[in-house]
Amino acid sequence: MLYIFKNSFRINLNIKTIVFFYFIFSYSFSQQTPLYSQYIYNPLVVNPAFAGVSKSSFFSISTRSQWLGFSEGITTSTFSANYPLNETHGLAGVLFKDNTGAISITGLEIDYAFKFPAFLDYNISLGLAFVPYQYMYDANMVVSNSYDPILDLSEKKTSFDSNVGLLIYNDFLFAGFSVLNLIESSVIESLDSNDPNQLKRHYFGFIGYNYFNQNSKVGLEQTLLMRNTSYSNVQFDFNIKTNFNDVFWLMCGYRTNKELLAGVGLKYGSFLIMYTVDFNQGDIGFYSNSSHEFGLIFSIGKKNDNIDWKKNINLLD
Numbered sequence: 017m018l019y020i021f022k023n024s025f026r027i028n029l030n031i032k033t034i035v036f037f038y039f040i041f042s043y044s045f046s047q048q049t050p051l052y053s054q055y056i057y058n059p060l061v062v063n064p065a066f067a068g069v070s071k072s073s074f075f076s077i078s079t080r081s082q083w084l085g086f087s088e089g090i091t092t093s094t095f096s097a098n099y100p101l102n103e104t105h106g107l108a109g110v111l112f113k114d115n116t117g118a119i120s121i122t123g124l125e126i127d128y129a130f131k132f133p134a135f136l137d138y139n140i141s142l143g144l145a146f147v148p149y150q151y152m153y154d155a156n157m158v159v160s161n162s163y164d165p166i167l168d169l170s171e172k173k174t175s176f177d178s179n180v181g182l183l184i185y186n187d188f189l190f191a192g193f194s195v196l197n198l199i200e201s202s203v204i205e206s207l208d209s210n211d212p213n214q215l216k217r218h219y220f221g222f223i224g225y226n227y228f229n230q231n232s233k234v235g236l237e238q239t240l241l242m243r244n245t246s247y248s249n250v251q252f253d254f255n256i257k258t259n260f261n262d263v264f265w266l267m268c269g270y271r272t273n274k275e276l277l278a279g280v281g282l283k284y285g286s287f288l289i290m291y292t293v294d295f296n297q298g299d300i301g302f303y304s305n306s307s308h309e310f311g312l313i314f315s316i317g318k319k320n321d322n323i324d325w326k327k328n329i330n331l332l333d
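Counting in the working numbering, the sequence shown runs from 17 upward without gaps.
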């Protein structure tokens, strides 16, 4: 995915709006990323090397509302598809829109992964994504400020960036590393030539395992996600997902930015419905203590006979 960069501006509104913009800017400089929960069941959004490594092809729709309680809270919507062509090649794509009030970004991530055997029963997947996007800034949604005149002008710009990723995996363990916004493309003009408004590289490390007991029909998946940027400290996400007979899922997790995660999933036929809620225990939790994310996945049951499925991951378990 692409993640946006926003410049700061002074604002004189009611206290809740001021608090919201304070955290928006802190969020922008430290992360620039929607804090997705869907990567737990759709890690493609943080690493393009996951394209085509799933046992089955699927489509996914998700919507996230972050920091409920603010009138201009962050909303993110995505539509993704993941398809294994064969044992060597995988394709995927993500259509997304991220809206933070005055600033929104809409784009399409096109993913390709090349897979090959490594050692023992482990495979390696190398992923590359091309990401064209449109960046929009609406000056009508902010208070005019003579100190920052460039912020009084609405702006629209089309550009592109790219993501790269590495994944080592078998049907039990997986570990990967990715860099998003590799090019660090610019968005809107800046008053300071030494500090341009541009996307910043995001670094993700991802490791986990997926175990399913055929006798008890209960599975367990644990994942650890690391994220870092040049503007932020390293953040870790710890997650546990329990699978009951491939029909019902329970999830919980903790982020080191003081967020607790809980989620539930239900599968019916080829459809999987996921819901997660994040509870913020940090400073912003006093004003808005929760974010909510819904996901709907449609799995294509027919499998390609050219693929050795024992070497692939089942992302939906």
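By construction, these hints were calculated from the structure, which means they are not laboratory data. Using N, Cα and C, we set each Cβ at its ideal position, and we do this for glycine too. Hints may be right or wrong, so weigh each one.
[As the list claims (entries may be wrong)] Under the rule of at most 27 Å between Cα atoms (straight-line distance), these lysine-lysine pairs were calculated in the DSS-like manner:
hint : residue 1 : residue 2
1    : 71        : 274
2    : 113       : 173
3    : 113       : 233
4    : 233       : 71
5    : 172       : 233
6    : 173       : 233
7    : 216       : 172
8    : 71        : 216
9    : 233       : 274
10   : 216       : 283
[Said to hold, decoys possible] Quick list of simulated restraints, FRET-style, between CB atoms:
hint : residue 1 : residue 2 : range
11   : 148       : 252       : 29 to 39 Å
12   : 171       : 232       : 22 to 32 Å
13   : 293       : 172       : 43 to 53 Å
14   : 286       : 233       : 17 to 27 Å
Satisfaction of hint between residue 172 and residue 216, Cα-Cα up to 27 Å: holds (19 Å)
Honestly, do residue 171 and residue 232 meet the 22 to 32 Å range at C-beta? Once the Cβ atoms are compared, 56 Å apart, the range 22 to 32 Å for residue 232 and residue 171 is violated.
Is residue 233 within 27 Å of residue 71, Cα to Cα? holds (18 Å)
Are residue 216 and residue 283 close enough, with their CA atoms no more than 27 Å apart? violated (37 Å)
Measure nothing beyond the straight line between the CA atoms of residue 71 and residue 216; if it is 27 Å or shorter, mark the hint as holding. Cα-Cα ~33 Å, so violated.
Satisfaction of hint between residue 233 and residue 173, Cα-Cα up to 27 Å: Cα-Cα ~51 Å, so violated.
For the hint 17 to 27 Å, verify it against the beta carbon of residue 286 and that of residue 233. holds (19 Å)
With a cut-off of 27 Å on the C-alpha distance, tell me whether residue 113 and residue 173 pass. holds (15 Å)
Can the restraint linking residue 113 and residue 233 be considered satisfied, given a maximum Cα separation of 27 Å? violated (37 Å)
Is 29 to 39 Å respected by the C-beta to C-beta distance linking residue 148 and residue 252? holds (31 Å)
For the pair supplied as a hint, residue 71 and residue 274, is the alpha-carbon distance within the 27 Å limit? Violated: residue 71 and residue 274 sit about 34 Å apart, past 27 Å.
Can the restraint linking residue 172 and residue 233 be considered satisfied, given a maximum Cα separation of 27 Å? violated (52 Å)
This entry does not satisfy hints 1, 3, 5, 6, 8, 9, 10, 12 and 13, going by the numbered hints stated previously.
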